[in-house]
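Trainee: Can you build the whole structure from these sequences, using the hints too?
So the mapping is simple: my numbering equals the position in the sequence shown, first residue as 1, plus 10.
No lab work stands behind these hints, which were simulated from the structure alone.
Honestly, I wouldn't trust all of these hints.
Computed spacing ranges between beta-carbons, pair by pair [claimed, not checked]: (1) 223 <-> 93: 35 to 45 Å; (2) 33 <-> 114: 16 to 26 Å; (3) 61 <-> 89: 17 to 27 Å; (4) 227 <-> 45: 42 to 52 Å; (5) 216 <-> 61: 35 to 45 Å; (6) 167 <-> 134: 16 to 26 Å.
Quantities reported herein were computed from a predicted structural model and do not represent experimental measurements.
Glycine included, each C-beta is placed from N, C-alpha and C at the ideal position.
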Amino acid sequence: MRIVIAGGHGQIALRLERLLAARGDEVAGIIRKAEQADELREVGAEPVVLDLESASVDEVAERLRGADAAVFAAGAGPGSGAARKDTVDKAAAVLFADAAVRAGVRRFVVVSSMGADPGHQGDEIFDVYLRAKGEADAYVRGQDALDWTILRPGQLTDDAGTGLVRLEARTGRGPIPRDDVAAVLAELVDTSATAGLTLELISGPVPVSVAVKSVAGN
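Mentor: Here you go:
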């Protein structure tokens with residue numbers, strides 16, 4: 011498969027790129043800064059320098075053309091203000107979805123956040139973030155031309171992955187190592203039977219591949 015990942019230099023994305031490249035997939039990561047390119051090459055991914063905050067739909071679609079799947083893993087990140095929650099966590103996700111539709115890439119996986127909700131109340135930065143992610147998720151869900159899956163991890167940690175998770179429509183809150191999020195994403199990318207599902211993810215008792223097969227109905 012050829013898989014294009016938005017936010018290719020993110021902590022989850024770098025882990026995902028390494029997993030996909032190791033299993034023989036062709037992986038491209040969209041990054042904002044050229045100086046991030048070497049880190050992508052180190053994990054086996056092709057760096058694509060493109061700023062999703064200023065790019066046009068056509069520019070992004072051109073990078074997506076010929077891909078078998080697209081993964082939105084970009085985020086404004088900690089320390090960013092409310093404005094960038096809107097331009098990255100919401101607007102860039104909408105742009106990436108529109109570009110995937112234009113490029114004819116059906117399989118579309120979103121890294122969202124537990125608690126994402128367009129109706130979320132509050133004025134703190136994290137409240138703005140959850141609204142932005144919720145609005146982006148709602149937009150993706152409305153795209154009939156996409157076979158979308160939305161993944162909402164719990165509290166992200168840098169602990170070593172265990173390969174054991176709980177993946178359900180509702181899991182309740184809990185931690186999850188970024189390693190295990192990446193492992194679940196790698197399975198979801200080529201499990202199109204999970205299309206149309208919004209899934210929460212925390213650490214649990216079930217091996218990743220079994221958990222994905224279970225939600226896919228296998």
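Trainee: Between residue 167 and residue 134, is the Cβ distance one that fits in 16 to 26 Å?
Mentor: holds (22 Å)
Trainee: Assuming the hint says 17 to 27 Å, is it satisfied by the Cβ distance from residue 61 to residue 89 or not?
Mentor: About 18 Å separates the Cβ atoms of residue 61 and residue 89, which means 17 to 27 Å holds.
Trainee: CB of residue 223 to CB of residue 93, is that within 35 to 45 Å?
Mentor: With a Cβ separation near 41 Å, residue 223 and residue 93 satisfy 35 to 45 Å, so the hint holds.
Trainee: A range of 42 to 52 Å was offered for this pair. Does it hold for the Cβ distance of residue 227 and residue 45?
Mentor: holds (44 Å)
Trainee: For the hint 35 to 45 Å, verify it against the beta carbon of residue 216 and that of residue 61.
Mentor: 39 Å Cβ-Cβ, so the 35 to 45 Å window holds.
Trainee: State, for the Cβ atoms of residue 33 and residue 114, whether the hinted interval 16 to 26 Å holds or is violated.
Mentor: holds (24 Å)
Checked against the numbered hints above, the structure violates none of them.
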